[in-house]
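Engineer: The task is simple: from the sequences and hints, build the whole structure.
Chain order of the listed sequences is A and B.
Those letters in the first sequence? Residues 1 to 144, by the numbering used here.
Those letters in the second sequence? Residues 1001 to 1325, by the numbering used here.
Just so you know, these hints were derived from the structure itself, not from any lab.
What you are looking at is a predicted structure, and each value in this text was computed from that prediction instead of being measured.
Warning: the hint list may mix true and false statements.
Claimed, not checked - Calculated pairs, BS3-like style, for lysine-lysine (alpha carbon to alpha carbon, straight line, at most 27 Å):
{"hint": "1", "chain 1": "A", "residue 1": "K15", "chain 2": "B", "residue 2": "K1041"}
{"hint": "2", "chain 1": "B", "residue 1": "K1041", "chain 2": "B", "residue 2": "K1290"}
{"hint": "3", "chain 1": "B", "residue 1": "K1037", "chain 2": "B", "residue 2": "K1261"}
{"hint": "4", "chain 1": "A", "residue 1": "K15", "chain 2": "B", "residue 2": "K1013"}
{"hint": "5", "chain 1": "B", "residue 1": "K1037", "chain 2": "B", "residue 2": "K1076"}
{"hint": "6", "chain 1": "A", "residue 1": "K91", "chain 2": "B", "residue 2": "K1013"}
{"hint": "7", "chain 1": "B", "residue 1": "K1261", "chain 2": "A", "residue 2": "K91"}
{"hint": "8", "chain 1": "B", "residue 1": "K1271", "chain 2": "A", "residue 2": "K141"}
{"hint": "9", "chain 1": "B", "residue 1": "K1037", "chain 2": "A", "residue 2": "K15"}
{"hint": "10", "chain 1": "A", "residue 1": "K15", "chain 2": "B", "residue 2": "K1290"}
{"hint": "11", "chain 1": "B", "residue 1": "K1079", "chain 2": "B", "residue 2": "K1261"}
{"hint": "12", "chain 1": "A", "residue 1": "K15", "chain 2": "B", "residue 2": "K1010"}
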Amino acid sequence: MVSPYFRENEMAERKIRLMVAKPGLDGHDRGARILARCFRDAGFEVIYTGCHQSPEQIAAAAIQEDVDLVGLSCLSGAHRTLFPRVVELLKEQGAGDIAVIGGGIIPDQDFPLLYDAGIMAIFTPGATLDSIVDWVRTNVKPRK
Amino acid sequence: MAEESEEMDKLRKIREGDVRTASRLIRNLEDNLPEAKSAIKRIFPHTGRAHVIGITGSPGAGKSTLVDALISSFRKKEKTVGVLAVDPTSPFTGGAILGDRIRMQRHAEDPGVFVRSLATRGALGGLSKAVGDAVHVLDVMGKEIIMVETVGTGQQEVEIINHSHTVVVVLVPGMGDEIQAIKAGIMEIADIFVINKADRDGATQLYSELTAMLNMVPEFTGGWRPPIIRIGNVFDSGPFGESMEELAAAIAEHYRRLVEKDLLGDRMRRKTLVEINEALRDAILEPILKNLTESGEMDRIAGRLLRKESDPYTIAEEVARRCLK
Chain A
1 MVSPYFRENE MAERKIRLMV AKPGLDGHDR GARILARCFR DAGFEVIYTG
51 CHQSPEQIAA AAIQEDVDLV GLSCLSGAHR TLFPRVVELL KEQGAGDIAV
101 IGGGIIPDQD FPLLYDAGIM AIFTPGATLD SIVDWVRTNV KPRK
Chain B
1001 MAEESEEMDK LRKIREGDVR TASRLIRNLE DNLPEAKSAI KRIFPHTGRA
1051 HVIGITGSPG AGKSTLVDAL ISSFRKKEKT VGVLAVDPTS PFTGGAILGD
1101 RIRMQRHAED PGVFVRSLAT RGALGGLSKA VGDAVHVLDV MGKEIIMVET
1151 VGTGQQEVEI INHSHTVVVV LVPGMGDEIQ AIKAGIMEIA DIFVINKADR
1201 DGATQLYSEL TAMLNMVPEF TGGWRPPIIR IGNVFDSGPF GESMEELAAA
1251 IAEHYRRLVE KDLLGDRMRR KTLVEINEAL RDAILEPILK NLTESGEMDR
1301 IAGRLLRKES DPYTIAEEVA RRCLK
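Structural biologist: Here it is in C-alpha cells:
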C-alpha cells in the first residue's frame, strides 16, 4: 500500500540519488551531515556512509547504490590524493559516468589539479547550501 | 531484435553477479520503469534459491549493527550475502537519508557482499514497494543469504513477513510495560526474538515477559518455538561475537526446520500472493487513478466529498461501474 499523499505528490521525473562521503582520516562530519540533510530537503535520496572511508569503500558503495553523484568532504588537507583516487577507481570499474564533486578546506591553488583529475565542482567555506543544490539540479540528471 | 539481445545480455550479467547492472535494475524498479518490469518477467523463473531473512524492530534498536555482524558470520561460512536496507522517505519533500550502510561499510569491498539502500517512497508497511523485486534480483545474482532490514518499525509494520522465510524481531529493554508483549502485530511475526543491548537495565524483565508470552501460545507452527537471544554490548567483542554466532545458528536452524517440515512452500506462497496482488493493483487500479487525476476528476470528487454531496463508497462504486465492465 502506498499512501495517497505520495501518489498526489509523485513526480514524473526520476529521483536523483547521491552519496555524501568522507574519505580519509578526517572525522569532522558536521558539514557533511548538514549537506546530507539539505539534499534530503531538496527531494534527493542521499546515501550517507559516515567518516573514515577509504576511496575503495566509497567507489564500491557508489556502484552498489547506483548513485548519480558522489559528494566528497575533506577538511584534513588530504584532498589532493583522496579525491582523484575516487574518480580513478570509479573509472576503473566502468562507472566513470558517476559525477564526483568535492568540498571542505581546499586552497584555491589546488583547484586546477582537482578539476584536471575529473572533480566536477568544488565548494569551500562560504558556499551557500542553495548554490550547491542548484549546482546538482542543473548538472546532474538521473541516468537511464 | 537488438533490444532483445541487449536485454538478454543484461540478464546474463546479473546472473554472473555484475553489481553495476543489478543495482541499475533495482533503481529502475524503484522508479517503476516498464523495462524493469519486463526484466523481472525474464528473471522470475530463476528465483527462489536464496534464504531470505527479515530483520525488523524499532528505530535505534540496533538492526543495522546486527546485520553487519551477521554478514561477517555468514561470510566466515563462505556464503554470499545480499542486503536490502530500507529507510524512510520524507512525506513532505520526497527526499530521504539512507544511513544503514554506515554500520556495514567494512564489507563494502568484499565482492561476496552486496548492500543496497532503499527509500520507502510512501509505502506503509515498513518496506519499499520495490523490495519484493529487488530480492529477486539479488537471488538471481546468486546471493545465498539475503537480509532485508526494515525501517524502524512501530507496532504494526509487518509486511516483512510477506518477503522473508525467517523473521528476526529486534527488541531493546525499557520500551514499555508487560502489556506491550501481548499486543497484536509485530510481536506475533517473530521466528526469532533478539533482546539487543541486553547489558542494559530491564533486559531480564523483558526476557521473562517474552517467555511468559510464548508460554501462552497453544501450538507453534511446525513445532518452532521462537528462541529469545540476548545480545550484549557491541563493544564487548568476545561475548557479542558469541551471541551473534548463537543468532546465526538459530537462523540456520529455523531454515532447516522450514525445509524439513515442508513449510518453506507456505512462506513462498505468501510472497507470491502479495506479488500478484501488487501486480494487479498496478495493472488495474493505477491506470484508473492516473486517469482520474490527469482528467481533473479527482479534484472534482474531492470537492463533492468536502461539500458532503456524496460519500467515498458511492463514488467508488460509480467509478468501478464505469471502469470495470
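Engineer: Does each hint hold? Answer for all of them.
Structural biologist: Against the structure, the hints:
| no. | hint | in the structure |
| --- | --- | --- |
| 1 | A:K15 / B:K1041 | holds (24 Å) |
| 2 | B:K1041 / B:K1290 | holds (24 Å) |
| 3 | B:K1037 / B:K1261 | violated (34 Å) |
| 4 | A:K15 / B:K1013 | holds (25 Å) |
| 5 | B:K1037 / B:K1076 | violated (35 Å) |
| 6 | A:K91 / B:K1013 | holds (19 Å) |
| 7 | B:K1261 / A:K91 | violated (49 Å) |
| 8 | B:K1271 / A:K141 | violated (35 Å) |
| 9 | B:K1037 / A:K15 | holds (18 Å) |
| 10 | A:K15 / B:K1290 | holds (19 Å) |
| 11 | B:K1079 / B:K1261 | holds (24 Å) |
| 12 | A:K15 / B:K1010 | holds (22 Å) |
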